[in-house]
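Respectively, the protein sequence lines represent chains U and E. Mapping to our numbering: the first sequence position 89 is 89, numbers consecutive. One gets our numbering by counting positions in the second sequence from 1 and adding 325 to each.
To be clear, the hints were calculated from the coordinates, so they are not data collected in a lab. Certain hints may be false.
If you only want the chain U side, here are some residues facing chain E, beta carbon under 7 Å, derived [as the list claims (entries may be wrong)]:
1) Phe6
2) Thr10
3) Thr30
4) Ser97
5) Pro98
6) Ser234
Below, simulated DSSO-like cross-link-like pairs (lysine-lysine); rule was C-alpha separation at most 30 Å, straight line [said to hold, decoys possible]:
7) Lys475(E) - Lys222(U)
8) Lys474(E) - Lys90(U)
9) Lys38(U) - Lys474(E)
10) Lys90(U) - Lys334(E)
11) Lys90(U) - Lys354(E)
12) Lys472(E) - Lys37(U)
13) Lys450(E) - Lys394(E)
14) Lys38(U) - Lys394(E)
15) Lys335(E) - Lys90(U)
Label pairs and their computed distance ranges (CB to CB) [what the hints assert, rightly or not]:
16) His366(E) - Asn141(U): 16 to 26 Å
17) Ser60(U) - Asp406(E): 37 to 47 Å
18) Asn249(U) - Arg459(E): 46 to 56 Å
19) Leu77(U) - Gln422(E): 29 to 39 Å
20) Ile5(U) - Arg459(E): 36 to 46 Å
21) Arg459(E) - Pro186(U): 38 to 48 Å
22) Gly132(U) - His366(E): 46 to 56 Å
23) Gln422(E) - Glu297(U): 40 to 50 Å
24) Met326(E) - Lys38(U): 19 to 29 Å
Backbone N, C-alpha and C fix where the C-beta goes; we use that ideal spot for every residue, glycine too.
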Amino acid sequence: MRPFIFVRPTNASQALSQKNNSTQFIAGGTNLLDLMKKDIAQPETLLDVNSVLSNAIQSSEKGISIGALVRNSAVALHNDILSRFPLVAKAILAGASPQIRNMATTGGNLLQRTRCPYFYDTTLPCNKRKPGTGCSALQGNNRMNAIIGWSADCVAVHPSDFCIALAALDAEVVVLGKDQKNTVIPFKDFHRLPGNTADRDNNLPANSMIQSVDIANNPFQKNYAYVKLRDRDSYAFALVSVAAALQLNNKKIVEARLASGGVAHKPWRWYAVEQYLKGKEATPAVFKEAAAVAVKETKPLSHNGFKVSMLRGAIELALGNCLIA
Amino acid sequence: MPLTVTINKKEYTLDADSRTTLLDLLREKLHLTGAKKGCDHGQCGACTVHMDGQRILSCLTLAAMVPGKNITTIEGLADGDNLHPMQQAFIECDGFQCGYCTPGQIMSAIACVNEGHTNSVAEIKEFMSGNLCRCGAYNGIVESIQKVKK
Numbered sequence: 001m002r003p004f005i006f007v008r009p010t011n012a013s014q015a016l017s018q019k020n021n022s023t024q025f026i027a028g029g030t031n032l033l034d035l036m037k038k039d040i041a042q043p044e045t046l047l048d049v050n051s052v053l054s055n056a057i058q059s060s061e062k063g064i065s066i067g068a069l070v071r072n073s074a075v076a077l078h079n080d081i082l083s084r085f086p087l088v089a090k091a092i093l094a095g096a097s098p099q100i101r102n103m104a105t106t107g108g109n110l111l112q113r114t115r116c117p118y119f120y121d122t123t124l125p126c127n128k129r130k131p132g133t134g135c136s137a138l139q140g141n142n143r144m145n146a147i148i149g150w151s152a153d154c155v156a157v158h159p160s161d162f163c164i165a166l167a168a169l170d171a172e173v174v175v176l177g178k179d180q181k182n183t184v185i186p187f188k189d190f191h192r193l194p195g196n197t198a199d200r201d202n203n204l205p206a207n208s209m210i211q212s213v214d215i216a217n218n219p220f221q222k223n224y225a226y227v228k229l230r231d232r233d234s235y236a237f238a239l240v241s242v243a244a245a246l247q248l249n250n251k252k253i254v255e256a257r258l259a260s261g262g263v264a265h266k267p268w269r270w271y272a273v274e275q276y277l278k279g280k281e282a283t284p285a286v287f288k289e290a291a292a293v294a295v296k297e298t299k300p301l302s303h304n305g306f307k308v309s310m311l312r313g314a315i316e317l318a319l320g321n322c323l324i325a
Numbered sequence: 326m327p328l329t330v331t332i333n334k335k336e337y338t339l340d341a342d343s344r345t346t347l348l349d350l351l352r353e354k355l356h357l358t359g360a361k362k363g364c365d366h367g368q369c370g371a372c373t374v375h376m377d378g379q380r381i382l383s384c385l386t387l388a389a390m391v392p393g394k395n396i397t398t399i400e401g402l403a404d405g406d407n408l409h410p411m412q413q414a415f416i417e418c419d420g421f422q423c424g425y426c427t428p429g430q431i432m433s434a435i436a437c438v439n440e441g442h443t444n445s446v447a448e449i450k451e452f453m454s455g456n457l458c459r460c461g462a463y464n465g466i467v468e469s470i471q472k473v474k475k
């Protein structure tokens, strides 16, 4: 690991005033330290934000606000998350291991980098790691990579499970800028597609910090599901994951939410499928057709065509599981 | 940088490079070699220790981030010659073969019981999935956990 200076700011203004292109914030460190050991992240200074950010979950009549420092395990165990936003807990528990969830924070989860093997292999070109060098995965072994929304510059996928639930539930990311002002970024606009700037994973303004992730009340406490398909039963990144939530009136779908991980550079919302489901009966035939609508949009690479049929099955299964949740 | 850390209820003041992970601090500076360096990238669980009673990976934790926290390692479990019930159970249930992953398995297993994730074999397996065992002693590990939770 390259040498760095370790600093412990005690409040947000101190932390933000020291933030520049050669510094990085560290909270849980579960992703950043790994990247530093591999010489992918090369900060000259680490700003420890453990005394800076909120470690609290605040419930209100309107919804819930999860402080950026709240550990993944604490979110998944929180009573109000379990009773009002159970899809979030379900998605979190599908990711990482208990040890990592005890360290990894809410803010850090949103900012974690892709696990594309070529991003991790510093001997090969990667536009995300080194802009302008090319994408090794596009013609390489891309079985783990994207099947939608990719560009010729980057076919990496976003690795989080937590974020897939947050995308499905239209969460908001509260950001604190260097000017000490708050801005709110809708979750669907937080992460981005690679286009020709693959080095940028998200739209977090430079030198600002995530303060909290807020979720407004929703009607998805009963009929929800998170399905994650991967190379082994547990403790692996998704090949395909699906977060599904339905609001039902008898058997009729009033509102549907559907998002996927493992398929794109950002948590992918299936808006056309949600529209298709609206007003229909919640039946296996309708779910099957909904899955067909989703896969029509996909564009697999040379080694991941299997993800398309996997996705079709996962969507059908997740929608079906919503009825038995 | 100067650090004061609390390991197994004992306080140590020492000087460490900012790059030192908790795992390297334990093994190289304090010679507490129970926690093992398996992958050093958070993929195997061999370095699992407890921080304020919660299981974490010491290879993905900077030593600079642990002052003020209580760290417990495998060396802190036994009371003299009396082994912790989980250590005893691993011996009785053949919870290991080569033993390399065992300190991490035991630290994780104790947390698994404390967290209450022992209601079924499937639940134990899910909540122990962050600890890999190349010898394949998994059945003995699950048995050890079932024995201790009683």
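Against the structure, the hints:
Taken as an interface hint, Phe6(U) checks out: its beta carbon lies about 4 Å from the nearest beta carbon of chain E, inside 7 Å. For Thr10(U), the interface hint is violated, the least distance from its beta-carbon to any beta-carbon of chain E being 13 Å, above 7 Å. Interface hint at Thr30(U): satisfied, since its Cβ lies 5 Å from the closest Cβ of chain E, which is below the 7 Å cut-off. Here the hint on Ser97(U) is kept, as its CB sits about 2 Å from the closest CB of chain E, short of 7 Å.
Evaluation of the Pro98(U) hint against chain E yields a held restraint, the C-beta minimum of about 6 Å falling below 7 Å. Here the hint on Ser234(U) is kept, as its CB sits about 4 Å from the closest CB of chain E, short of 7 Å. Distance restraint check for Lys475(E) and Lys222(U): the Cα-Cα separation of roughly 33 Å exceeds the 30 Å cut-off, and the hinted pair is therefore not satisfied. Taking the CA atoms of Lys474(E) and Lys90(U), the gap is about 25 Å. The hint holds against a cut of 30 Å.
Pair hint Lys38(U) plus Lys474(E) does not hold up; C-alpha atoms about 39 Å apart against a cutoff of 30 Å. Distance check on the hinted pair: Lys90(U) and Lys334(E) sit about 36 Å apart at the alpha-carbon level, beyond 30 Å; violated. A C-alpha spacing of about 40 Å is found between Lys90(U) and Lys354(E), which places the hinted pair above 30 Å, so the restraint is violated. Using a Cα cut-off of 30 Å, the hinted pair Lys472(E) and Lys37(U) is violated, with the two alpha carbons roughly 39 Å apart.
A threshold of 30 Å between alpha carbons decides the hint, and for Lys450(E) with Lys394(E) the separation of about 29 Å falls inside it, so the pair holds. Annotation: proposed proximity of Lys38(U) to Lys394(E) holds, straight-line Cα distance about 27 Å (limit 30 Å). Restraint check for Lys335(E) and Lys90(U): the C-alpha separation of about 38 Å exceeds 30 Å, so the hint is violated. Checked against the hint of 16 to 26 Å, the C-beta distance between His366(E) and Asn141(U) comes to roughly 20 Å, which is consistent with it.
Remark: the range hint 37 to 47 Å for Ser60(U) to Asp406(E) is contradicted by a beta-carbon distance near 54 Å. Separation of Asn249(U) from Arg459(E) is about 53 Å and conforms to the stated range, judged on CB atoms against 46 to 56 Å. At roughly 34 Å, the beta-carbon separation of Leu77(U) and Gln422(E) lies within the given 29 to 39 Å, and the hint holds. The hinted range of 36 to 46 Å is satisfied by Ile5(U) and Arg459(E), whose Cβ atoms lie roughly 38 Å apart.
As the Cβ distance of Arg459(E) to Pro186(U) is approximately 45 Å, the hint placing it in 38 to 48 Å holds. For Gly132(U) and His366(E), the hinted distance range of 46 to 56 Å is not satisfied, since their beta carbons lie about 27 Å from each other. For Gln422(E) and Glu297(U), the Cβ-Cβ distance of about 49 Å falls inside the hinted range of 40 to 50 Å, so the restraint holds. Range check, Met326(E) to Lys38(U): about 23 Å between beta-carbon atoms, so the 19 to 29 Å window is met.
The structure shown violates the earlier hints numbered 2, 7, 9, 10, 11, 12, 15, 17 and 22.
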